[in-house]
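Participant: The lines below spell out each chain.
2 protein chains.
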Amino acid sequence: MKEPRYLILADHDFGVMTSKTANSVIRYHPTRVVAVLDRLLAGQTAQQVLGFGGDIPVVASVGEGLALGANAILIGIAPQGGRLPDEWRDWLRQALEAGCDIVSGLHTFLADDPLLAETAREHHCTITDARKPPTDIPVATGLARDVAALVVLTVGTDCNVGKMTAQLQLVQQLNARGLRTRFVATGQTGIMIEGWGIAVDAVVADFIAGAAEQLVLRGSKGADVVLVEGQGSINHPGYSGVTLGLLHGACPDAMILCHQPTREYLGDYREASWMKIPPLAEYVRLYETAGSAVHPTRVIGIALNTYDLDAAAARAACDAAARETGLPATDPVRFDPGPLVDAIVKRRDERRETRDEKSCAP
Amino acid sequence: MKEPRYLILADHDFGVMTSKTANSVIRYHPTRVVAVLDRLLAGQTAQQVLGFGGDIPVVASVGEGLALGANAILIGIAPQGGRLPDEWRDWLRQALEAGCDIVSGLHTFLADDPLLAETAREHHCTITDARKPPTDIPVATGLARDVAALVVLTVGTDCNVGKMTAQLQLVQQLNARGLRTRFVATGQTGIMIEGWGIAVDAVVADFIAGAAEQLVLRGSKGADVVLVEGQGSINHPGYSGVTLGLLHGACPDAMILCHQPTREYLGDYREASWMKIPPLAEYVRLYETAGSAVHPTRVIGIALNTYDLDAAAARAACDAAARETGLPATDPVRFDPGPLVDAIVKRRDERRETRDEKSCAP
Chain A
1 MKEPRYLILA
11 DHDFGVMTSK
21 TANSVIRYHP
31 TRVVAVLDRL
41 LAGQTAQQVL
51 GFGGDIPVVA
61 SVGEGLALGA
71 NAILIGIAPQ
81 GGRLPDEWRD
91 WLRQALEAGC
101 DIVSGLHTFL
111 ADDPLLAETA
121 REHHCTITDA
131 RKPPTDIPVA
141 TGLARDVAAL
151 VVLTVGTDCN
161 VGKMTAQLQL
171 VQQLNARGLR
181 TRFVATGQTG
191 IMIEGWGIAV
201 DAVVADFIAG
211 AAEQLVLRGS
221 KGADVVLVEG
231 QGSINHPGYS
241 GVTLGLLHGA
251 CPDAMILCHQ
261 PTREYLGDYR
271 EASWMKIPPL
281 AEYVRLYETA
291 GSAVHPTRVI
301 GIALNTYDLD
311 AAAARAACDA
321 AARETGLPAT
331 DPVRFDPGPL
341 VDAIVKRRDE
351 RRETRDEKSC
361 AP
Chain B
1 MKEPRYLILA
11 DHDFGVMTSK
21 TANSVIRYHP
31 TRVVAVLDRL
41 LAGQTAQQVL
51 GFGGDIPVVA
61 SVGEGLALGA
71 NAILIGIAPQ
81 GGRLPDEWRD
91 WLRQALEAGC
101 DIVSGLHTFL
111 ADDPLLAETA
121 REHHCTITDA
131 RKPPTDIPVA
141 TGLARDVAAL
151 VVLTVGTDCN
161 VGKMTAQLQL
171 VQQLNARGLR
181 TRFVATGQTG
191 IMIEGWGIAV
201 DAVVADFIAG
211 AAEQLVLRGS
221 KGADVVLVEG
231 QGSINHPGYS
241 GVTLGLLHGA
251 CPDAMILCHQ
261 PTREYLGDYR
271 EASWMKIPPL
281 AEYVRLYETA
291 GSAVHPTRVI
301 GIALNTYDLD
311 AAAARAACDA
321 AARETGLPAT
331 DPVRFDPGPL
341 VDAIVKRRDE
351 RRETRDEKSC
361 AP
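Sequences listed follow chains A and B, in order.
Residue 1 is where the first sequence starts when you use the working numbering, and the numbers rise one by one after that.
Residue 1 is where the second sequence starts when you use the working numbering, and the numbers rise one by one after that.
Rather than coming from a laboratory, the hints here were simulated on the basis of the structure.
No residue lacks a Cβ here, since even glycine has one placed at the ideal position from N, Cα and C.
Be aware that a few hints might be false.
Said to hold, decoys possible - Partial chain A-side listing against chain B, Cβ under 10 angstroms, derived:
no. : residue
1   : 138
2   : 200
3   : 208
4   : 210
5   : 245
6   : 248
7   : 275
8   : 290
Please take these sequences and the hints and turn them into a complete structure.
Facilitator: Written as structure tokens, this is what we have:
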């Protein structure tokens, strides 16, 4: 595969919460991004829209992206309504005809679109649907509990609170402390960033835990610490099944609880809101109870997403979370992720001692 | 659709635990079953093999079943290995050529088999894959919590402990008490018995709760009580995601905990066994904690599956379960289901009082 130089399609969506894929790819792989297509923001830069991403320009057409050297199209979140609008299909055809590959995180698989598939074949381009799961996932049988690496799972108070980003922010410091650390992607954005993974919410229900188990088995090879991207929330009326299947399949030794302090209701930016988010301590109890039903686990820290607070309010939110739970709390994007790194190192030392004791037992 | 007269395919499998579909269809619709195909037991009757089912004969070939008047083939659980053996495919083709429809609960969809699909078309027969989910299931948003009917979900200590059968045993007595009661099927066997439903373990993970929600919304129309078939177990390493998604999508007001007293380990008849089944009181805590995170719910009774105990031991097991949990406990197949029916009626009265109070509040 050629080194990608992406034009990211985020029309009408860039810089808002639903453009998670665009934002994250720009944050972690800015050199792979040539431009972002959003007709509403054309003329600005990623830095101006997101506060990071430097000079990456926002353009108004596929043609401009191609002129800037794009050799691949990246589509993150679906446009409103979920279906691919005809206009977008035209853009994709234009890009394929110019020799671009397509990487998509949409629920609808683009490789199954006859017109796009045919155009891709004609022009020797690939269409990669990041959410398309492998067909040979087994039912989980608890194998992940035996891996030598420490397995850390992010869990959340809701969807889209920063469970992937929290893990990605920890990798560097853990490696710097001499722990070989691997991030394991369980959603389309993580897969696009890391280059492998399984979108666990896209597999058939019987195989959620099996997918998580396979990911941990692969990710733990040669690693001291495995950071598994969490999904959904244990009390989310729509997605909790994915959350628990992932928790039981991954068998984490430790969990980091992620939360956005300004959010009051589950899913409040998108769906009908009726469920008030309970206190963090209640989530700690829920996740530890549910997780330990299969493999002993506990919450070791809190990762807050304070992007919509000023610095003083963000600090205060971290202090309040730490007081409420008795656990280290930080915003690992905005502040030093060190407290969470410390908690992981400490948990790993504890687990090694326990395992050593066990192996020395008469 | 013509009234089915089934030949049930259960070769090498009839009368053992994995022939759940065959057993249940014979238990609840004996008049629809013409014969069972099992070459190892040919010559016996269902009564001799199962202890119920009367004179339904076990035969050794499709031809014998056709001669007895079969106009449809029913396949429950997959033969060992899960794949459809060539021999079975030949049987199915023979049946289709004789004008039989096929109803299948296999994971592999028979309607997708080109040879069988073509043969069915030629002979104007239908192939129904009971596990094939609809394609338009929405993500759940908690709508099931508002239905007027009392929603009762069976939950279990493991897979295959009697969660469907417990519900089916309660329908008649509840109707006899004047409560319009509907069974809601969430797995292939229940769907074959009831004629509608969704196999919630076969939907894409994001839509488990959505499927449960749709089923409860449909099942509750004109009903006083909805009995939802449970799936899996909250601490099953492979299937817990399905269990929690179903629990949060169905929003039950009450749960009945199902258990087989002789079982010591989760999944011990099939998969690698390593997880000891914890005490019933621990399951009550797990299900009430997890369920109430979305909608207030509690366990109101215990349904035991004592088929492999003698009568005295079965009685003793019910007494022990009642003592341990402080809840009514019975084997609703072997003994009177009355204690569970009483518990449902009581829970319904309580809920009506609470709702009345709420609606009278200033």
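Participant: Are the hints correct? Go through all of them and say.
Facilitator: Against the structure, the hints:
Interface hint status for residue 138 of chain A: upheld, as the beta-carbon distance to the closest one in chain B is roughly 9 angstroms, under 10 angstroms. Evaluation of the residue 200 of chain A hint against chain B yields a held restraint, the C-beta minimum of about 6 angstroms falling below 10 angstroms. Interface hint status for residue 208 of chain A: upheld, as the beta-carbon distance to the closest one in chain B is roughly 4 angstroms, under 10 angstroms. At a threshold of 10 angstroms, the smallest CB-CB gap from residue 210 of chain A to chain B is about 7 angstroms, leaving the interface hint in force.
The criterion of a C-beta within 10 angstroms of any C-beta in chain B is met by residue 245 of chain A, whose closest approach is roughly 2 angstroms, and the hint holds. At about 5 angstroms, the closest approach between the beta carbon of residue 248 of chain A and any beta carbon in chain B falls short of 10 angstroms, and the interface hint on this residue holds. Hint status for residue 275 of chain A relative to chain B: holds, with the closest Cβ pair at about 7 angstroms, below 10 angstroms. With a cut of 10 angstroms, the hint placing residue 290 of chain A at the interface with chain B holds, because the nearest CB-to-CB distance is about 6 angstroms.
The structure is consistent with each of the numbered hints, conforming to all of them.
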